[in-house]
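Using this note's numbering, the final residue of the sequence shown is 260, and nothing's skipped along the way.
Keep in mind the hints are simulated off the structure, nothing from the lab.
Check each hint, because a few of them may be wrong.
Computed spacing ranges between beta-carbons, pair by pair [to be verified]:
1) Leu80 x Arg10: 33 to 41 Å
2) Leu24 x Leu88: 41 to 49 Å
3) Ala147 x Asp103: 54 to 62 Å
4) Leu85 x Asp41: 43 to 51 Å
5) Glu118 x Gly178: 23 to 31 Å
6) Asp103 x Leu61: 39 to 47 Å
7) Gly60 x Arg12: 49 to 57 Å
8) Leu24 x Gly178: 39 to 47 Å
9) Asp58 x Ala147: 50 to 58 Å
10) Tyr200 x Thr28: 45 to 53 Å
11) Pro133 x Gly60: 32 to 40 Å
12) Asp87 x Ala42: 29 to 37 Å
13) Gly20 x His115: 48 to 56 Å
14) Leu88 x Leu50: 37 to 45 Å
Yeah, the Cβ is synthetic: ideal placement off N, Cα and C, and Gly gets one too.
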Amino acid sequence: PLPMSALRRFRFARSEVAGIPALISRTGYTGEDGFELYVDAPHAVSLWLALMAAGKDAGLEPVGLGARDTLRLEAALPLYGHELDDLTTPLAAGLARFVQLDGEDFIGRAALLHEREQGAPRRLVGLAMRGPGIARQGYPVLHGEATVGVVTSGTHSPTLGSAIALAYVAESLIAPGTLLGVEVRGRSVPAEVVATPFYRRPHPAAAAAPAAADFTALGAPESTVVAAPADTVTTDTTASPESAPDPGAASHAPEEGDD
């Protein structure tokens, strides 16, 4: 058996969940503590039913990618295709801590060293909207009449009760408190550069409560195993029912002042 508390964050182990062989990873893309479970596709339905049955009394509910995307944006986690692409450097994206520039040589190291010394032409920042409107991917960021950046992700935050966004702006404008604007449907909506993450989940000492529990304690449901077309599937359990927003408040749901 694998006790939940034995698996440190960003680590993985092979064990069983409800009697099903699984790769258990203490990772996720929501900003919440949790686990991702990788199993062979033929076991996916049985695992899903076991998880839902085990969490029924605790109010466990499934949520979709809209809720996941809202959570990851509140946690200011960059997403490929939005904040990340093949033209964006880790320094610009705020990911320099993951690159060892002072170690061995690698392709692109010289360019990154130059950027570290000279500064990145643009940097990823958090924006809190100070007027009605939702900043969406591709919307221009303004400083006065000048376009100084572009929004990469934006939504209404159910946790904060206001609109937030991530955007790339000129490095001279990244200080928290800087007042900018976002062009929404032809008008400039006030926005303020703020520190990220927008929301950080509290980690009280009591969070270690499941220490005695283990994944194998989940009861296997009496159900027919149905084969899925994919070779392997993953079940993300990182969005806890206490913190996950209403799926109806997904990051692409229309809000007042939106398109």
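Taking the beta carbons of Gly20 and His115, is their distance inside 48 to 56 Å? At roughly 55 Å between Cβ atoms, His115 and Gly20 fall inside 48 to 56 Å, so the hint holds.
May I ask you to test the hint 23 to 31 Å on the CB atoms belonging to Glu118 and Gly178? Cβ of Glu118 to Cβ of Gly178: about 26 Å, so the range 23 to 31 Å holds.
Against the range 43 to 51 Å, how does the distance between the Cβ atoms of Leu85 and Asp41 compare: consistent or not? Since the Cβ atoms of Leu85 and Asp41 sit about 30 Å apart, the hinted range of 43 to 51 Å is violated.
Does the Cβ pair Pro133, Gly60 satisfy 32 to 40 Å? Since Pro133 and Gly60 have Cβ atoms about 33 Å apart, the given range 32 to 40 Å holds.
Beta-carbon spacing of Asp87 to Ala42 - inside the hinted bounds 29 to 37 Å or not: Hint holds: Cβ distance 31 Å, inside 29 to 37 Å.
Can the suggested window of 41 to 49 Å be confirmed for the beta-carbon pair Leu24 and Leu88? 33 Å, violated
Consistency of beta-carbon spacing, Asp103 to Ala147, with hint 54 to 62 Å: 36 Å, violated
Taking 49 to 57 Å as the stated bounds, is the beta-carbon spacing between Gly60 and Arg12 within them? 28 Å, violated
Does the Cβ pair Leu24, Gly178 satisfy 39 to 47 Å? Given range 39 to 47 Å: holds, Cβ gap about 44 Å.
Take a look at whether the Cβ-Cβ distance between Asp103 and Leu61 falls inside 39 to 47 Å. The hint (39 to 47 Å, Cβ to Cβ) holds, given that Asp103 and Leu61 are roughly 45 Å apart.
Between Tyr200 and Thr28, does the C-beta distance stay in 45 to 53 Å? 19 Å, violated
Falls inside 37 to 45 Å, the C-beta gap from Leu88 to Leu50? 44 Å, holds
Of the numbered hints given earlier, the model fails hints 1, 2, 3, 4, 7 and 10; all others are met.
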